[in-house]
Amino acid sequence: MYYKRILLKDIIHPYEEINAVLNANLTGDKFRRCSGHEAIDEINGIYSKINMILDKKSAGLESESDR
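Numbering (this note's numbering), first residue to last: 5 to 71.
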């Protein structure tokens, strides 16, 4: 039971969160970002990097539409 909880918390849930965020972005939701305060530091680091990439993409799209 302990290993199942660790597997869910450290691997499955972060994978599902990343998948949901990327799918939302691909379908036009430019505001959805990764979140997960219960995730381990390594996963939070990955979340931060994904969020930075999406922020840069969103900022680039906004500046292009201003032209």
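What the hints contain is simulated information worked out from the structure, not anything from laboratory work. Hints may be right or wrong, so weigh each one.
To be verified - Cut-off 25 Å, straight-line C-alpha distance, at most; resulting in silico cross-link-like pairs (BS3-like, lysine-lysine): (1) 34 - 61; (2) 13 - 61; (3) 34 - 60; (4) 8 - 34.
What the hints assert, rightly or not - Cβ-Cβ distance ranges computed for the label pairs, FRET-style: (5) 48 - 8: 32 to 40 Å; (6) 65 - 5: 41 to 49 Å; (7) 36 - 13: 40 to 48 Å; (8) 10 - 63: 18 to 26 Å; (9) 11 - 52: 21 to 29 Å; (10) 59 - 10: 13 to 21 Å; (11) 27 - 60: 27 to 35 Å.
We put the CB at the ideal spot given by N, CA and C, even for glycine.
Going through the hints against the structure:
1. 34 - 61: holds (9 Å)
2. 13 - 61: With a Cα-Cα distance of about 29 Å, the restraint between residue 13 and residue 61 is violated, given a limit of 25 Å.
3. 34 - 60: holds (11 Å)
4. 8 - 34: Violated - the C-alpha atoms of residue 34 and residue 8 are around 33 Å apart, more than 25 Å.
5. 48 - 8: 32 to 40 Å: violated (22 Å)
6. 65 - 5: 41 to 49 Å: holds (45 Å)
7. 36 - 13: 40 to 48 Å: violated (21 Å)
8. 10 - 63: 18 to 26 Å: violated (37 Å)
9. 11 - 52: 21 to 29 Å: holds (23 Å)
10. 59 - 10: 13 to 21 Å: violated (31 Å)
11. 27 - 60: 27 to 35 Å: Between residue 27 and residue 60, where Cβ atoms are some 19 Å apart, the hint is violated.
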